[in-house]
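J.: Sequence:
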Amino acid sequence: MATLAIGMPVYNRAAYLERTLACLRDQEYADIEVLIADNASTDDTFEVAKAAAKEDPRIRVIQHAENMGAIPNFNYVFHHTTAPYFAWLASDDMFDPRFFARMVAMLDARPDAVCAMSQVQLIDGDDQPIDGVDENVRSDDPDPAVRFADFAGWGHFCQFTFGVTRRSAMLQTGLMPKFWTGDRLYCAELALTGPMLRDQERLYFIRQHLDRATRAMGRKDNSAVNAYLTPNGSRAFVLHYAKELRASIERAPITEAQKRDCRKALNVWALRNWSKLGRSTGRRVLEVMTRK
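Residue numbers (our numbering): 92 to 383.
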């Protein structure tokens with residue numbers, strides 16, 4: 092069995108997929124299994140993936156008969172791999188040949204840590220650098236309440252979503268939840284399971300293009316993003332996020348004293364975001380009244 096499983100959920104990414112797969116082939120770390128799950132693409136994505144699998148026996152490719160949605164496909168590739176380390180890989184991103192070797196080595200050296208990720212470089216559609224997006228969250232703090240407070244807030248870009256993570260830690264979370272900013276909830280919940288390590292070199296390259304979901308969020312088109320991720324879902328985003336943060340504390344593998352500290356951190360977050368919570372609660376009330 093491979094040490095590292097790489098799960099790649101993909102939909103209509105033929106334009107970038109070959110470049111991402113070339114990065115995989117160039118990795119110094121070779122003890123991997125790769126699962127590409129095509130979400131019923133309507134372009135040549137599946138053909139590109141199949142061609143790569145013919146050249147590299149470490150790659151498996153499946154195609155769903157129907158589009159199951161982006162987030163279920165993320166969780167699908169996790170559940171259908173088995174290696175003790177796991178990494179989600181965006182099908183349009185790129186990374187340094189040392190990326191996986193460095194992340195695995197960091198986790199091997201720190202049995203208490205649950206995830207390792209580098210700093211990130213943004214690139215455009217032609218692979219040219221745009222900017223670096225360094226995160227400064229206290230991911231390696233020994234106190235789970237400190238880690239939780241930083242990851243629950245809005246001051247980071249959820250980059251640890253694409254880190255190398257212990258499967259055992261991921262199994263203690265709800266994985267990627269089906270709602271807007273679910274990757275932020277995933278990072279906050281993962282932070283409750285243990286320290287998360289950061290390599291300060293920019294080894295992971297996130298591609299920015301107009302049809303990327305996070306770009307739609309940047310355009311404040313949250314309703315479009317929600318339709319993409321969770322069709323027919325509630326638009327009371329912040330209220331739902333707050334409820335899920337509280338639930339993640341209650342199921343976390345930490346002591347009761349640590350949970351109390353995390354609840355305090357969540358209360359501080361709620362006070363800082365009282366206006367957003369108020370608007371979101373009002374929206375939810377209107378939704379319920381309208382549906383009756």
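Because the hints were derived from the structure by calculation, they are not lab data. Wrong hints could be hidden among the right ones.
Calculated lysine-lysine pairs in the DSBU-like style (CA-CA distance at most 30 Å, straight line) [unchecked claim]:
| no. | residue 1 | residue 2 |
| --- | --- | --- |
| 1 | Lys367 | Lys269 |
| 2 | Lys269 | Lys145 |
| 3 | Lys141 | Lys350 |
| 4 | Lys367 | Lys355 |
| 5 | Lys350 | Lys367 |
| 6 | Lys367 | Lys334 |
| 7 | Lys269 | Lys350 |
| 8 | Lys334 | Lys350 |
| 9 | Lys334 | Lys269 |
| 10 | Lys355 | Lys334 |
For each label pair, taking beta carbons as the anchor points, the in silico distance ranges come out as [to be verified]:
| no. | residue 1 | residue 2 | range |
| --- | --- | --- | --- |
| 11 | Arg110 | Asn227 | 38 to 48 Å |
| 12 | Asp147 | Ser259 | 37 to 47 Å |
| 13 | Asp122 | Pro202 | 33 to 43 Å |
| 14 | Glu341 | Asp135 | 26 to 36 Å |
| 15 | Ala338 | Asp117 | 14 to 24 Å |
| 16 | Gln291 | Asp122 | 38 to 48 Å |
| 17 | Glu146 | Gly216 | 33 to 43 Å |
| 18 | Ala156 | Gly244 | 35 to 45 Å |
| 19 | Arg354 | Arg229 | 11 to 21 Å |
| 20 | Lys367 | Asp217 | 12 to 22 Å |
| 21 | Ala338 | Arg229 | 36 to 46 Å |
Every residue, glycine too, gets a C-beta built ideally from N, C-alpha and C.
J.: Taking 33 to 43 Å as the stated bounds, is the beta-carbon spacing between Asp122 and Pro202 within them?
T.: Violated - the Cβ-Cβ distance for Asp122 and Pro202, about 18 Å, lies outside 33 to 43 Å.
J.: Do Ala338 and Asp117 keep their Cβ atoms within the hinted range of 14 to 24 Å?
T.: About 41 Å separates the Cβ atoms of Ala338 and Asp117, which means 14 to 24 Å is violated.
J.: Ala338 and Arg229, beta-carbon distance inside 36 to 46 Å?
T.: Since Ala338 and Arg229 have Cβ atoms about 23 Å apart, the given range 36 to 46 Å is violated.
J.: With 38 to 48 Å as the target window, see if Gln291 and Asp122 comply at their CB atoms.
T.: With a Cβ separation near 25 Å, Gln291 and Asp122 fall outside 38 to 48 Å, so the hint is violated.
J.: Please work out if Lys334 and Lys269 have their alpha carbons no farther apart than 30 Å.
T.: holds, 14 Å
J.: For Lys141 and Lys350, compute the direct alpha-carbon distance and say whether it is at most 30 Å.
T.: violated, 46 Å
J.: What's the verdict on Lys269 and Lys145, does the C-alpha distance respect the 30 Å limit or exceed it?
T.: The given pair, whose Cα atoms are some 33 Å apart, is violated under the 30 Å limit.
J.: Quick check: does the Cβ-Cβ distance between Glu341 and Asp135 fall within 26 to 36 Å?
T.: violated, 46 Å
J.: Would you check the hint for Lys367 and Lys355, treating anything up to 30 Å between C-alpha atoms as holding?
T.: Holds, at roughly 19 Å.
J.: Honestly, do Lys367 and Asp217 meet the 12 to 22 Å range at C-beta?
T.: Roughly 37 Å apart at Cβ, these two residues miss the hinted range, so it is violated.
J.: Against the range 37 to 47 Å, how does the distance between the Cβ atoms of Asp147 and Ser259 compare: consistent or not?
T.: violated, 27 Å
J.: Using the beta carbons of Arg354 and Arg229, state whether their distance is inside 11 to 21 Å or not.
T.: holds, 18 Å
Hints 2, 3, 11, 12, 13, 14, 15, 16, 17, 20, 21 from the list above are not met by this structure, while the remaining hints are.
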